[in-house]
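Enquirer: Residues 9 to 111 in this note's numbering are what the sequence shown spells out, letter by letter.
In case anyone wonders, no lab produced these hints; they're calculated from the structure.
Careful, some of the hints might be misleading.
As the list claims (entries may be wrong) - Simulated crosslink set (SDA-like; lysine to any residue; CA at most 20 Å straight-line):
| id | residue 1 | residue 2 |
| --- | --- | --- |
| 1 | K49 | L80 |
| 2 | K96 | S56 |
| 3 | K63 | A52 |
| 4 | K53 | R29 |
| 5 | K49 | K70 |
| 6 | K17 | G72 |
| 7 | K53 | E24 |
| 8 | K70 | A52 |
| 9 | K63 | F87 |
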Amino acid sequence: MDSYMAETKEIPDFEELRKLRLADDGYFVITDSARPAIVHKVNAKCISVDAFNVKVGINKGKQGGYFWVDSLATAAHEFGAKRCKVCKPELFLVPPSNFEERR
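Construct the entire structure; sequences and hints are all you get.
Expert: Written as C-alpha coordinates, this is what we have:
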(Lines of atoms letter the chains of each structure in order from A and count residues from 1; the text may use other names and numbers.)
(Lines give C-alpha, C1' and ligand atoms only; values in the text may rest on other atoms or scores of the structure.)
Protein backbone atom coordinates (compact mmCIF):
# COMPACT_ATOMS: atom_id res chain seq x y z
CA MET A 1 0.00 0.00 0.00
CA ASP A 2 1.31 3.44 -0.94
CA SER A 3 1.39 5.78 2.05
CA TYR A 4 2.34 8.87 0.01
CA MET A 5 -0.04 11.77 0.55
CA ALA A 6 -0.17 14.42 -2.14
CA GLU A 7 0.08 17.94 -0.79
CA THR A 8 -1.82 20.88 -2.23
CA LYS A 9 -3.02 24.17 -0.82
CA GLU A 10 -4.75 27.24 -2.14
CA ILE A 11 -2.74 30.46 -1.99
CA PRO A 12 -5.07 33.04 -0.39
CA ASP A 13 -2.93 36.18 -0.49
CA PHE A 14 0.29 37.76 -1.73
CA GLU A 15 2.11 37.13 1.58
CA GLU A 16 1.59 33.38 1.23
CA LEU A 17 2.72 33.51 -2.41
CA ARG A 18 5.87 35.34 -1.30
CA LYS A 19 6.63 32.79 1.46
CA LEU A 20 6.22 29.88 -0.94
CA ARG A 21 8.52 31.51 -3.49
CA LEU A 22 11.16 32.08 -0.81
CA ALA A 23 10.94 28.43 0.26
CA ASP A 24 11.73 27.47 -3.37
CA ASP A 25 10.03 24.09 -3.06
CA GLY A 26 7.19 22.54 -5.04
CA TYR A 27 5.22 24.07 -7.90
CA PHE A 28 2.39 26.53 -8.52
CA VAL A 29 -0.76 25.56 -10.39
CA ILE A 30 -2.82 28.37 -11.88
CA THR A 31 -6.40 27.46 -12.62
CA ASP A 32 -8.66 29.44 -14.91
CA SER A 33 -12.27 29.01 -15.95
CA ALA A 34 -11.39 29.82 -19.58
CA ARG A 35 -8.43 27.42 -20.10
CA PRO A 36 -6.75 24.33 -18.66
CA ALA A 37 -4.73 24.54 -15.43
CA ILE A 38 -1.00 25.18 -15.90
CA VAL A 39 1.82 24.10 -13.57
CA HIS A 40 4.82 26.41 -13.08
CA LYS A 41 8.13 26.44 -11.22
CA VAL A 42 7.64 28.42 -7.98
CA ASN A 43 10.18 31.06 -8.98
CA ALA A 44 9.31 31.29 -12.65
CA LYS A 45 9.35 34.72 -14.24
CA CYS A 46 6.02 33.86 -15.86
CA ILE A 47 4.32 34.06 -12.43
CA SER A 48 3.17 37.68 -12.40
CA VAL A 49 2.34 39.51 -9.18
CA ASP A 50 -0.13 41.66 -11.13
CA ALA A 51 -1.93 38.61 -12.54
CA PHE A 52 -2.03 37.06 -9.05
CA ASN A 53 -3.50 40.24 -7.57
CA VAL A 54 -6.18 40.42 -10.26
CA LYS A 55 -7.17 36.74 -10.05
CA VAL A 56 -6.95 36.26 -6.27
CA GLY A 57 -7.36 39.77 -4.87
CA ILE A 58 -9.69 41.70 -7.15
CA ASN A 59 -11.70 38.84 -8.65
CA LYS A 60 -11.70 36.78 -5.41
CA GLY A 61 -10.95 33.56 -7.32
CA LYS A 62 -14.18 33.65 -9.33
CA GLN A 63 -12.39 32.65 -12.54
CA GLY A 64 -9.70 30.47 -10.99
CA GLY A 65 -6.94 30.52 -8.44
CA TYR A 66 -3.35 29.87 -7.47
CA PHE A 67 -2.37 26.67 -5.71
CA TRP A 68 0.86 25.23 -4.34
CA VAL A 69 1.52 21.53 -4.99
CA ASP A 70 4.33 19.26 -3.86
CA SER A 71 5.01 17.65 -7.25
CA LEU A 72 4.23 17.61 -10.95
CA ALA A 73 2.37 14.35 -10.38
CA THR A 74 0.08 16.05 -7.85
CA ALA A 75 -0.50 18.94 -10.29
CA ALA A 76 -1.52 16.50 -13.01
CA HIS A 77 -3.65 14.27 -10.78
CA GLU A 78 -5.44 16.93 -8.70
CA PHE A 79 -5.86 19.65 -11.35
CA GLY A 80 -5.22 17.98 -14.71
CA ALA A 81 -2.50 20.64 -15.07
CA LYS A 82 -0.26 20.86 -18.11
CA ARG A 83 3.37 22.02 -17.96
CA CYS A 84 4.03 25.70 -18.66
CA LYS A 85 5.67 26.14 -22.06
CA VAL A 86 7.67 29.12 -20.75
CA CYS A 87 9.25 27.92 -17.48
CA LYS A 88 9.07 24.20 -18.40
CA PRO A 89 8.99 22.50 -15.01
CA GLU A 90 10.75 19.16 -15.34
CA LEU A 91 10.12 15.82 -13.77
CA PHE A 92 13.38 14.20 -12.70
CA LEU A 93 12.77 10.47 -12.49
CA VAL A 94 16.36 9.80 -11.46
CA PRO A 95 18.19 12.11 -9.03
CA PRO A 96 21.06 13.94 -10.79
CA SER A 97 23.50 12.51 -8.22
CA ASN A 98 22.97 9.09 -9.83
CA PHE A 99 24.76 10.39 -12.92
CA GLU A 100 27.97 11.19 -11.05
CA GLU A 101 30.91 9.05 -12.04
CA ARG A 102 31.32 6.08 -9.73
CA ARG A 103 34.68 4.51 -8.96
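Enquirer: Hint by hint, say whether it matches the structure.
Expert: Each hint tested on the structure:
Proximity of K49 to L80 is assessed by CA-CA distance (about 10 Å); at most 20 Å being required, the pair is judged to hold. A threshold of 20 Å between alpha carbons decides the hint, and for K96 with S56 the separation of about 16 Å falls inside it, so the pair holds. About 18 Å separates the Cα atoms of K63 and A52, which keeps this hinted pair within 20 Å; it holds. About 11 Å separates the Cα atoms of K53 and R29, which keeps this hinted pair within 20 Å; it holds.
At most 20 Å may separate the alpha-carbon atoms for a hinted pair to count; K49 and K70 exceed this at roughly 24 Å. Between the alpha carbons of K17 and G72 the distance comes to roughly 14 Å, so the proposed pair stays at or under 20 Å and holds. With a C-alpha separation of about 17 Å, the suggested pairing of K53 with E24 holds against the 20 Å cut-off. The suggested pairing of K70 with A52 is violated, with an alpha-carbon distance near 24 Å, which exceeds 20 Å.
For the given pair, K63 sits about 17 Å from F87 by alpha-carbon distance, which is consistent with the 20 Å threshold.
Hint violations for this structure: numbers 5 and 8, all remaining hints satisfied.
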